[in-house]
Amino acid sequence: MTKKMSMSTSKTSLVLFLCQIISALDVPLDSKLLEELSQPPTITQQSPKDYIVDPRENIVIQCEAKGKPPPSFSWTRNGTHFDIDKDAQVTMKPNSGTLVINIMNGGKAEAYEGVYQCTARNERGAAVSNNIVIRPSRSPLWTKEKLEPNHVREGDSLVLHCRPPVGLPPPIIFWMDNAFQRLPQSERVSQGLNGDLYFSNVQPEDTREDYICYARFNHTQTIQQKQPISVKVFSMDSLNDTIAANLSDTDIYGAKPVTERQPVLLTPTGSASTKVELRGNVLLLECIAAGLPTPVIRWIKEGGELPANRTFFENFKKTLKIIDVSEADSGNYKCIARNALGSVHHVISVTVKAAPYWITAPRNLVLSPGEDGTLICRANGSPKPSISWLANGVPIAIAPEDPSRKVDGDTIIFSHVQERSSAVYQCNASNEYGYLLANAFVNVLAEPPRILTPANKLYQVIADSPALLDCAYFGSPKPEIEWFKGVKGSILRGNEYVFHDNGTLEIPVAQKSNAGTYTCVARNELGKIQNEVQLEIKDPTMIIKQPEYKVIQRYGQVSFECIIKHDSTLLPTVTWLKDNDELPDDERFLVGKDNLTIMNVTDKDDGTYTCIVNTTLDSVSASAVLTVVARPNPPFDLELTGQLERSIDLSWIPGDENNSPITSFVVEFEDALHEPGVWRYQTEVPGTQTMAQLKLSPYVNYSFRVIAVNRIGRSQPSEPSEQYLTKSASPDENPANVQGIGSEPDNLVITWEPLKGFQSNGPGLQYKVSWRQKDVDDEWTSVIVANVSKYIVSGTPTFVPYEVKVQALNDLGYAPEPSEVIGHSGEDLPMVAPGNVQVHVINSTLAKVHWDPVPLKSVRGHLQGYKVYYWKVQSLSRRSRRHIEKKILTFRGNKTFGMLPGLEPYSSYKLNVRVVNGKGEGPASPDKVFKTPEGVPSSPSFLKITNPTLDSLTLEWGSPTHPNGVLTSYTLKFQPINNTHELGPLVEIRIPANESSLILKNLNYSTRYKFYFNAQTSVGSGSQITEEAVTIMDEAGILRPAVGAGKGYSEILFATSPVMHTVRPTFYKVQPLYPRIRNVTTAAAETYANISWEYEGPDHANFYVEYGVAGSKEDWKKEIVNGSRSFFVLKGLTPGTAYKVRVGAEGLSGFRSSEDVFETGPAMASRQVDIATQGWFIGLMCAVALLILILLIVCFIRRNKGGKYPVKEKEDAHADPEIQPMKEDDGTFGEYSDAEDHKPLKKGSRTPSDRTVKKEDSDDSLVDYGEGVNGQFNEDGSFIGQYSGKKEKEPAEGNESSEAPSPVNAMNSFV
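In numbering that gives the first Met the number 0, the protein residues as written are 0 to 1310.
Don't read these hints as lab results, they were simulated from the structure.
A portion of the hints provided could be inaccurate.
[Claimed, not checked] Keeping only pairs whose Cα atoms sit at most 20 Å apart, straight-line, the calculated EDC-like set for lysine to aspartate or glutamate is:
(1) Lys511 / Glu535
(2) Lys549 / Asp578
(3) Lys726 / Glu644
(4) Lys456 / Glu505
(5) Lys527 / Glu560
(6) Lys1130 / Glu1118
(7) Lys1000 / Glu987
(8) Lys1117 / Glu1105
(9) Lys549 / Asp605
(10) Lys856 / Asp827
(11) Lys577 / Asp602
(12) Lys544 / Glu560
(13) Lys767 / Asp731
(14) Lys694 / Glu721
(15) Lys274 / Glu326
(16) Lys755 / Asp810
(17) Lys274 / Glu301
(18) Lys564 / Asp463
[Stated by the list, open to error] With beta-carbon atoms standing in for the labels, derived distance ranges:
(19) His415 / Ala307: 18 to 24 Å
(20) Ser618 / Ala360: 37 to 43 Å
(21) Ala307 / Ala360: 43 to 49 Å
(22) Glu147 / Thr221: 25 to 31 Å
(23) Leu340 / Ser234: 16 to 22 Å
All C-beta atoms in this analysis are idealised placements derived from N, C-alpha and C, irrespective of residue type, glycine included.
Work out the full structure, taking the sequences as your base and the hints as a guide.
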């Protein structure tokens, strides 16, 4: 019971499915199935209902049909049977119903006019064609008629009638002349829909004798010609006697000149008319009016709008055309003709009727015995069509009865059909405007299931795509379809699958797991059949690197990548397209495996490039845009407008911007009168502006050109504009940069910058040069000179001020009055030396010099400053003479004091002072002698340790290279070092200054000692030198020691004796030395001072600098020093002020240096000699070369020495006791550093003994303020650099000792 209900509910879908398979011409059935299944006839091709034939050719009336078995054909003519066998001129094509009527062999087409209908019949029913009306086309000749000439007065309207012969179909009308040229038409002259030629008003040019109307008959391909029509247009002024003789007096004297007339409709006539049109046709409405001036036509629809997209105006808006009209287009359409004198209108009432058209056409039915079905035939029209049914071409009322059939108006209902119910039914829908005829068959079949899909068909799909497995089937009743996966799988159900009515199984998202064998089973009451298909799932093709948007400059190279990933079993093909078309056939395009490269890119390469990857199963693509940019094309069409004397307007048209927007336009000009061929900048305007107002100068022959600028660059210049010569005028400006400077003591040289050619404003450019002595002369002395740039006034007093001015003039007049400038006549050397020169020695390296200024009149020029010459006469500690090296300091301006830094301590100096002007130096002041006080000495020149024994060592040393005073004594400090690198007690010994050796006794055997040695003057201790040595183990094991001297540490290793001194000495940890800060020095500039000092004490001390105005009671100002540096720059000082300064250490209560005093002041140092030619410079270079050689030898010896003595590794860790950090964790002494390592001084260690700060130690070094080798002062006299001049060649000078910290009061530092 359930199965029957299922079959009943599926009847409709079965009918539709079979309908599509059997009846549709474009869906062929399986050939074997077609051979076996019966099918009623179906008309597949027929001639049109209204068939107009060419009477000169054979008539072919088509009728084709299909069916099973093949149908037979018969015809009726005018409602009765047409026996074609009785007419020799008529034949029927084999296996077809098409008739061929032979006209070309004697037949006449008119004999075969009539209404024909074809019937196709087989055992299942009969189908009929439409009624085909056969009419031969006709193209009759024009009837002969006598055409009178048309005499028309100018301005009147005129209609030339065509009246073509009635043809079938109607002819196409057009007007031509005797030369077969179409007559021109316009709003005034046009052709109407009926073929007539309308003149709204005639003009004299309308006069001609060959107005010819032509009718073209398309079916017969013939053209008929009407007799030519003559038209003569007269005006009242041109009436001649011949025409006047043919007119009455009344006509002549009553004629009036051409007058304007308001519109009058020529067609249609009256104020209203009607029009009927059929649905779907084209509606054409026409209004043509007469009038002078020519009227203009306008169309409106009353109560509505003209339909958009379907409304068109033709024939100069005289024809309204609406395509595909419908009932909604019915209504009143008004045309309005209007000119300057008035208007006229006409209303056309349009009614749209409709021939019958289908709403539901009947469709073929394929039913199984016992099933139900319906045929529906519904049509509409205006008026509403009537519906009638036929069965196998016979009205259904008289057709054989069928108990399964019931007619209900436009529907036939079938119930429990049997095989004998098969038939073809015709539905006819008709009204007064036409009819519709449709065939629909009912085919009752009983067939077992058949599967039309080939067995074991292989389906390949891409993963994640839909998979459609076909199971095309046929059967009656409609079979049920089931799908299984695998040979013994269960039936497929669920949301994972979609089952289509045509048997197709759809897997919406196919995965790898869906691959395999699928079985389709079709069954109905008459049988069962199954079919297997295979499904394979492939990996999708992907573009893993897509081409990217590129911007490339013209003539560059660009590459697009297209890297793909695909299934290994699929073979991809990669295709490149440009703008969805093939790539240009150009060798510049290189297609690689995964890229496209374009060489030498041009503008034509701009566009969209697409990479398309195709396999047999899928296709992917990716696109990228290539934008080719370049400098813009030059502007063109330069035009000059608005010409005025001092301005002009320039406009231009921009060139192509080449895909990079134009940002600006640069306007340049050429002065063909003064500088031909030279283009100069005029102005620049934004890129959105194409016009510029340009300011002009007189007496210039201008040409302009424009350059476009974009992000890529500048375009080529445009073509030059036309030339424009401005009128001459007097100069607008005077020369610039006027100066009066004497070159000799008795002259005044007046110079200026000449005007350029375009600044002259006219011909005859000259200059009026004027001068007078300031505050002496009242009148100006003037001279006019040619176009030069200099004039010399001779015989002037020495260095006196003059007022000077230079005025431009030309042939048209003078420039505006020039401004005056002050100049001076030539300078001469100063006559007087500075007086009252005084020197104040501030410390051992710095002195201050004072002098009285010279009278300004004696300077005889511009005072530039004073020069101080100073030189060292001799050292007070040595009486040897030396080469005198003079140093020079220049103090700018009217200064009367200066600082002399960098002096050598304990020396005798001389100096003198000279005034300087623009001409040179004046006489020197008398030499002034001054002496510098003592300073601390440099380190001893060497320290040697010799003759080691079990308990003694012999020390030898050399005196300091720079004693800087009278030596008072030497200080020796030493301490033992144990095997763990700990330092023992520090012993200090004072040695008289006249000693040069010392034997130390009572030392421990086989013990290493470290020695610290320095010299003293009355000022203090100098820099120290350090050495290490070891006592021997026994007398027999004495080795000859190596001697170390000079800078750094010298390691001397000895073998010691284990026999003596059985008790080892006690060692203690070294406590931090008591710190001290000494030798505070300053070098001051105008607003800052460089403070440096020497520090002895523990490492990592935090320093501060306190300063204040000397003699002031104000509190000290405090500045924190960054890190543990031994220098600091005080900034923001007041020029020319004395300051006091001192240095202290944070965390050490009350620990400060002594105070120092310095004074700020501007100064500038210079030198007057060439350094490259000085002997001291040559000697210095030689000394540097020698020092480098010595260092290389020492390094070689040290390297070999280090390899011979294993104890070197431990000794390298020894540290200077003064910079030895204490370990906080175990209380032991820190490691020491051997001075022979030549490492740079640590932060916090004191500076070298000559108290200069090394550049590598600090960015605040004094040498950083110098200007080359010529160290200079600022204007306040403060030193900012090194000195110039020849250095004395003293071989004993120079500090060659090492520079290690001195352990002051080390004996008190042990716990």
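Original post:
Does 18 to 24 Å hold as the CB distance between histidine 415 and alanine 307, or does it fail?
Top reply: violated (54 Å)
Subject >> Pairwise hint evaluation, glutamate 560 against lysine 527, where the allowed Cα distance is 20 Å at most >> reply: violated (56 Å)
Original post:
Is the Cα-Cα distance between lysine 456 and glutamate 505 20 Å or less?
Top reply: Holds: lysine 456 and glutamate 505 sit about 15 Å apart, inside 20 Å.
Original post:
Would the pair lysine 755 and aspartate 810 pass a check requiring their Cα atoms to be no farther apart than 20 Å?
Top reply: Holds. Lysine 755 to aspartate 810 sits at ~16 Å (cutoff 20 Å).
Original post:
Keeping to a limit of 20 Å between CA atoms, is the pair of lysine 1000 and glutamate 987 held or broken?
Top reply: holds (14 Å)
**OP:** Quickly compare the C-alpha distance for lysine 767 and aspartate 731 to 20 Å and report which way the hint goes.
**Re:** This hinted pair holds, its Cα atoms lying about 15 Å apart.
Original post:
Between alanine 307 and alanine 360, does the C-beta distance stay in 43 to 49 Å?
Top reply: Cβ of alanine 307 to Cβ of alanine 360: about 31 Å, so the range 43 to 49 Å is violated.
Subject >> 20 Å limit on alpha-carbon distance, applied to hinted pair lysine 1130 and glutamate 1118 >> reply: holds (10 Å)
Original post:
Regarding the pair lysine 549 and aspartate 605, is the alpha-carbon distance no greater than 20 Å?
Top reply: Between lysine 549 and aspartate 605 the Cα gap is close to 10 Å, so the pair holds against 20 Å.
**OP:** Would you mind confirming whether the straight-line C-alpha gap from lysine 274 to glutamate 301 stays at or under 20 Å?
**Re:** holds (15 Å)
Subject >> Given hint glutamate 560 paired with lysine 544 - CA-CA distance at most 20 Å >> reply: Holds: lysine 544 and glutamate 560 sit about 7 Å apart, inside 20 Å.
Subject >> Restraint status (C-alpha distance of lysine 564 to aspartate 463 at most 20 Å) >> reply: holds (16 Å)
Hint violations for this structure: numbers 5, 19 and 21, all remaining hints satisfied.
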